[in-house]
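Chains as they are written, first to last, in my numbering: chain R, 63 to 408; chain B, 63 to 408; chain E, 10 to 621; chain A, 10 to 621.
If you're looking for bench data, these hints aren't it; they were derived computationally from the structure.
A quick note: this is a predicted structure, and the numbers were derived from the prediction, not measured.
By construction, the Cβ of each residue, glycine as well, lies at the ideal position given by its N, Cα and C atoms.
All the pointers check out, no bait thrown in.
Each pair of labels, with its calculated beta carbon distance range: (1) R:Asp-385 with E:Leu-509: 37 to 43 Å; (2) E:Asp-192 with R:Arg-372: 43 to 49 Å; (3) B:Thr-289 with E:Gln-140: 56 to 62 Å.
In silico lysine-lysine, DSS-like type, Cα no more than 25 Å apart, as pairs: (4) A:Lys-425 with B:Lys-392; (5) A:Lys-197 with R:Lys-201; (6) R:Lys-369 with R:Lys-341.
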Amino acid sequence: MATTAIAGNGTNKLTAKDFATDQDVRWCPGCGDYSILKQVQTVMAETGKSPEDIVFISGIGCAARFPYYMETYGMHSIHGRALAIAAGLKSVRKELSVWVVSGDGDCLSIGGNHLIHALRRNFNLNLLLFNNEIYGLTKGQYSPTSPSGKVTGSTPYGSLDAPFNPLSLSLGAGGSFIARSMDRDPIHLRATLHKANEHQGTSLLEIYQNCNVFNDGAFFTYTDKATKVQSTIFLEHGEPLVFGDDKSKGIKLDGFTPVIVDLKDAGKDDLWIHNENDKIKANILTGFFEHYQDENTLPRPFGVIYKEDRSRYEDLMNAQVEDVISSKGKGDLDLLLKGTTSWKIE
Amino acid sequence: MATTAIAGNGTNKLTAKDFATDQDVRWCPGCGDYSILKQVQTVMAETGKSPEDIVFISGIGCAARFPYYMETYGMHSIHGRALAIAAGLKSVRKELSVWVVSGDGDCLSIGGNHLIHALRRNFNLNLLLFNNEIYGLTKGQYSPTSPSGKVTGSTPYGSLDAPFNPLSLSLGAGGSFIARSMDRDPIHLRATLHKANEHQGTSLLEIYQNCNVFNDGAFFTYTDKATKVQSTIFLEHGEPLVFGDDKSKGIKLDGFTPVIVDLKDAGKDDLWIHNENDKIKANILTGFFEHYQDENTLPRPFGVIYKEDRSRYEDLMNAQVEDVISSKGKGDLDLLLKGTTSWKIE
Amino acid sequence: METKLNEVTILFAGDSGDGIQLTGGQFTTTAALVGNDISTFPNFPAEIRAPQGTLAGVSGFQLKFGSVNIYTPGDECDVLVAMNAAALKANLNTLKKGGIIIANESGFDSKNLRLAKYEEGANPIEDNSLQDYLLYKVDVTKMTREALKDSGMGQKEMDRSKNMFVLGFVYWIYNRKLDNTIDFLNTKFAKKTDLKEANIAVLKAGYHFGETYEAFRVRYEVGPAPLPKGSYRSISGNQAIGLGLVAAGQLSGLDLFYGSYPITPASSLLHELAKHKNFGVKTFQAEDEIAAICSAIGASFGGALGVTGSSGPGIALKGEALGLAVILEIPLVIVNVQRGGPSTGLPTKTEQADLMQAIYGRNGEAPLPVIATKTPSDCFDATIEACRIAVEHMTPVILLSDGYIANGSEPWRYPKSSDLPSISPKMASPKTNGSEEPYLPYKRNADLVRNWALPGMKGLQHRIGGLEKEDETGNVSYDPDNHEFMTKIRQGKVDKIAELVPNQYMDNGPDKGDVLILGWGSTYGAIKTAVRDMLAEGHSVAHAHLRYMNPLPGNLDSILANYKRVLIPEMNMGQLLQIIRGRYHIDAVGLNKIKGIPFTANEIKNKVAELI
Amino acid sequence: METKLNEVTILFAGDSGDGIQLTGGQFTTTAALVGNDISTFPNFPAEIRAPQGTLAGVSGFQLKFGSVNIYTPGDECDVLVAMNAAALKANLNTLKKGGIIIANESGFDSKNLRLAKYEEGANPIEDNSLQDYLLYKVDVTKMTREALKDSGMGQKEMDRSKNMFVLGFVYWIYNRKLDNTIDFLNTKFAKKTDLKEANIAVLKAGYHFGETYEAFRVRYEVGPAPLPKGSYRSISGNQAIGLGLVAAGQLSGLDLFYGSYPITPASSLLHELAKHKNFGVKTFQAEDEIAAICSAIGASFGGALGVTGSSGPGIALKGEALGLAVILEIPLVIVNVQRGGPSTGLPTKTEQADLMQAIYGRNGEAPLPVIATKTPSDCFDATIEACRIAVEHMTPVILLSDGYIANGSEPWRYPKSSDLPSISPKMASPKTNGSEEPYLPYKRNADLVRNWALPGMKGLQHRIGGLEKEDETGNVSYDPDNHEFMTKIRQGKVDKIAELVPNQYMDNGPDKGDVLILGWGSTYGAIKTAVRDMLAEGHSVAHAHLRYMNPLPGNLDSILANYKRVLIPEMNMGQLLQIIRGRYHIDAVGLNKIKGIPFTANEIKNKVAELI
Ligand SMILES: Cc1ncc(C[n+]2csc(CCOP(=O)(O)OP(=O)(O)O)c2C)c(N)n1
Ligand SMILES: Cc1ncc(C[n+]2csc(CCOP(=O)(O)OP(=O)(O)O)c2C)c(N)n1
Ligand code: SF4
Ligand code: SF4
Ligand SMILES: [Mg+2]
Ligand SMILES: [Mg+2]
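Bound conformation, chain R alone (with noise of 0.2 Å):
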């Protein structure tokens, strides 16, 4: 258990190691989990937390094991919950950090009604999405993610389900912070997982995951050194849209159809510029989901798509509770009791 007792006194700097519990790792060998665990309790060190006051819960699933690898607070709880039970802890306990791990089938399938309301009301925590595409605690049934043809184990002539798109039913539920990331990119991840932490707000960060199992490579276009250039986009606050081999290529808006232009030919200046805060361009930005074929297919775009600063569910409880005590006076139990009218027997 607490190894680390002493860790986060606030003393001595913590390192990623800190944050590692004495339970063995019991994801299978390759599993993209480890590499998000490992930016994860890097991240965790460099916010300069102490571990007592940083509180991680999951619900279950394979991705919803990481609570036991994290010496802080946790909760490993039932399948889909997650985000209603840190709702909970975060209206008593608005000073905690709250992670919330979920997989695609925790968070999308069984937990998708706490998922958008969550996102609506917007309590500050963060929102760890590991995305695989696939069931993998159960061995392999497709997911809410799962491209429609997939087949396994429930779906051996293939699935039928047009999947969702994580990001777009998000901004929809009306989300304040939209992110996406991989497991492969462990510079990226870490970016983003500290741009996530930062945002006073719900925050969702998709990253995609591999199931080495039972799902293998369903990101590699998008992981692969040799393909990555070409298929994915990474997202920068006020950059022009650009990716490519030495960022040869870029997008610009052709009125609401985004076009791919090359920029040997074409200059700069009507490129695409990424303004986080625009929800309708964060709407087509989401929409860059077509599955990779050739170099016209739109990049899968990477980093914060949306980011909107409203107020955190939390603060107006708090808030209200104060202005009602205030306006009414602390509650008297005496006062309660009695109520409005009583009278005495000799």
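Starting from the known structure of chain R, arrange chains B, E and A with the ligands on it as the hints suggest.
Okay, now just chains B, E and A with the ligands, sitting in the frame of chain R:
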């Protein structure tokens, strides 16, 4: 009960009355549900479908009492689950005309998960979302569509939640038909009901409905003669966005920003032409959500906002069964029982 | 001429719009203020407002008051006030033969008679179909308008005060002062002088009508009841649970968090708690019942007093998360205000059919304490006890109430906060620097209770979850022996509570005898009344009423052994009966009523008579 | 030299990657083909794949085969095949003293020993810590590579055939032909000639190794068992439920719809059914368990055979919708493949702790039939019976299985489809034109069963729902007497089933005597074995095994009355015990094991011994 036993034999044309049951309607006098019921009964008659081929399924709520008043097959199920029940029904009986009636609490609060999954799967059914921005049946608590600050039984000091934008949510979830109408415009409501019915896929029709007991006037700005022309815009595919007294105003897009133009000074030429099939524009339209203040407020859009033709889940399901049968041959129970390896004991 | 009476039951009935609930409420406080004991039960129309004048639209308020102790709102009514034909038709069956009917004539015009589904031409107050009763026809509407003719009000407005006329008249009959109601009207309409004066005028008109009304010569006197000295107020069940929760928060020093999703008849508890934000109470209307209980679990994990509440269908949805709370071993209170089932069932009616669900409605061996309330005021103590057990024993606790208790009200001798029990959370103490021995989240004290380490406590970081855990460390464990050990520890922890709570006491009757009536929940009043009467008649009948449904009190078997027969009345098909028989191997018998309405004392008496 | 044996238990154990399940499976069919009776149980590592060579990563396949009837995979093993150190350490406790260990030497190198957590320097196959056993060290890896040295394969590839070497060797020991496995390899690798030849070569190498291996002189002969004549196959529990459902669809003429959400150990049922689309089966992976059961309800409403399946936590989520199915009175089958609880508990372990949940886990009085399976092959009949009751009695039915039955397998004398029972839906007949009398959806036949009117049937339009309904018409009704009447009708309908199903039969033992063992579910094999042995020893012990958990068989009380003591062994804290005691007022005793693993026959015997 089946007072219209002979109805729907196709020989004699049906009227709205043929779709009324012998149960007295138990909504509060003045409730918006009465008008919706009347329009739906009329539309049912106009579709020419036989009553026995129509099914109404609902959850729980005032709105959800609807099936009891329709002389068709019907189920008044449990809170929030109507869409899940309809999915099973459609899977096995694709030929039926299935209508789901759900309140804003039933559909967007407890039923939210089934809503987003239904929209993504796209069963061919019609979902009527009776939005009165309140929990009626339970005597007036705020709902996921109530404006924040709403004072209700459960929020005497005002609600804290940012409400859903139901149409944005539905678009984000992958809805293939997104429309809006209101209880107090029978003609528009009937027309839109017909469009929902004609669409092949999950047709989401949000209907603004007045709860005169617990949330009277929630939509009067959009339904009252006085303010209606200013505060609403009725969309027609291929037509320019015009509204206001004798259509004196229009909307054009300045980049991505919709702006109201006075047609007296400006011409109609560069007005925004409504295209039901444009998802980006649909996103902008569902974004017309600010509560009406003055003539600078973007009007609330009514009619079909988005429409997309994609395969129905039940069609894919049936096709898959057919495919397997034609490739493997119709199943033979004895062969199935025998399995691959068997032996005899004499 | 005046007649003394020990107790009187009045049923005010009329259209939802007639202000019946307010009228009943006013009579209740007025009676209480002069020291009567009293018990009330409002009877709302089923969920959706039905059209005016129809049977479905009838609203009723039944109250019983007396110079003796009152335990129920009464089996039968002495007086039925019927504001319209539907109100009479819907409630005549509850009026005792020879009882008084006060009928508002204009509520019996052809329209009202038709809506009430009287057959063509029939009018109960004209034909003498009511000859078995004392019928008093009073044209309330006409006289109300008369009283206000100079007020310059519109008719519709005038008619709104109809109920005050009736109230004034009934005050006259029972010899009550008008002051309480006048005070009430003064404050209620402080800002609306015209309405204030109108209502007061009509109230007085009704009173004076009594003095002048020829037909009505008798007045009744109901003296004060022998209630214990003290300060009283009137309280309903859900109100009392709300106050109990707020109190428990203060007594434990924990912030109260209530996560809930509206449902009849539990919603009013959410409404009640939402009012008390100045006590630091946080209420959260979740997206569904699963989120509601999970939010409460999260709040408890954070160190608050996490509470959730619902009714049958919503409780069913909480089953999985309840199991999580059991294996986590964190404090949590789940309030179930029971209603008629199964499924959506009868939302506005009362029932006790969720006992088995409370005890067994989860997967696996997931034992937890179950506490039952018995009357509106008892809800306060029961709630504090439920919270105490949850917090001090680190366990979810289910508190069972029902619609009858939730909406009923009675006088409550409210306590001083200083007299309330204390609740002491088993908090862990943060690590001091350097201390290196690992923290063991599932190490237990003598009562098998683990302690409570909250996020933010230095050096106590730990992970808890729904998988089986290793003893003490709480690490995930698939070890067979550990699983059996932990399963028995969790059971043992709950069983242990039986040793620590007070023994079962006898509510009434001899310690040995012919029949023991073992009750639980809202059957209390009916059993109490029945036993009181039968003891007076010299029968050997006793009454014990369970608060601790699980674990059952340690001394229960010895109590059961003292009687020839054990009778268990329940508003279900015999759930406690099944448990008692299974546990104590005695041949107890059940008395079961599944009508969505409470037992009458007579139903209990008749059954006991069979057993003696 | 050869020794004859009646029964042998072998445990193949190794790393998840070692092909253990396939090896066990092959030995099973080979044994079955020569007429042995056999029972198998695979033991997978807990849900998440653990690193190679670790204890957490050990996969096992236990099988017992014999020339006598076999009812369990064996209490203790005669032979333990350990492919690595972890496999030995994890399973040594199940090997009987003097038992055979076949250890793969190269699986005991320092790396493997460290991963298996043997302390520094210790090596069980070198130090003589295993002296109580017959240890045979075989360098499987080396000899496999040897056998394939000319195959031109890479080492990693070669090593994949290790399991074939062991299999061949074990075949030699037990005198088995290689044909079955060779046929298997020929079809499996039809397209991969090199792999095919490699595996066959290694298999033969292992066999020949037996002949040449000095240390091993004995071979064993296990003759065919006295199994009834017929055609056999091997089947696992979830497979059998799947086939039963497909069969029930055909027998009833209804389309089978299975709505489910994956969960261990029920997922494989979804996988099984998804394969049989050519029977018109429709499988629907819903977004959660609530949607799963609701989709099945919708399918039933449409006239299909609606089925849903899950395990503990998922079943808990279905409680509310189950109540709806009860009050709607439509056919529905809910399969619960039980696992260790509470909460997430022990997903890969077995338990019987959801019985109370099945019977009581809903709000209100919501009775429904509960059927239990007892062995893998019995799942087929139990499933058809569950479907028959659901369809013919218009009710949801819960079918209880568990992880032990689901994953275990045994030979099954499969029936001809023509010998299967018929299932006749109670369909309503559409209105003929002009007929005017209203359709009554809740009118009942003598068995209290309403008939089934499907959307599309002319003139039978009707509405059903979760609110209490009026008798016959099904209209919403708040009438008190109607509610009690309907509550009793729903109970009566379920009770009625007890009169219509076969009486409880005695599985074994005298009709009167000292001890009756009353069992249910997967304890069957252990009880059967224990009773067989104790009868042989001359004790007065009998065995009855319940299929109908609710309603209980009508003749059960008379059976119970015939024995001095009644023993109820359960893999829970005594749930059936509580029910039997509550219902029959007898002092039955329980034997309870909550370790996530099945009873051994010896545990049963020892308990019975105490009672005699
Ligand atoms: C109520 C409930 N339903 C189902 C399950 C079984 N289950 C556990 S995890 C899981 C889904 C895992 O997929 P995902 O959430 O994508 O996580 P991953 O394993 O892929 O990381 C399921 C269906 C459960 N534990 N509880
Ligand atoms: C499981 C469950 N939870 C809660 C309820 C109580 N309930 C019934 S309807 C309803 C919400 C009604 O609001 P809405 O869906 O908007 O319908 P409306 O009455 O406004 O038409 C609630 C909370 C219930 N019946 N079942
Ligand atoms: S199953 Fe997939 S997701 Fe789960 S641990 Fe293994 S590789 Fe990772
Ligand atoms: S409560 Fe509101 S929504 Fe419900 S019936 Fe009355 S007016 Fe209509
Ligand atoms: Mg996943
Ligand atoms: Mg509503």
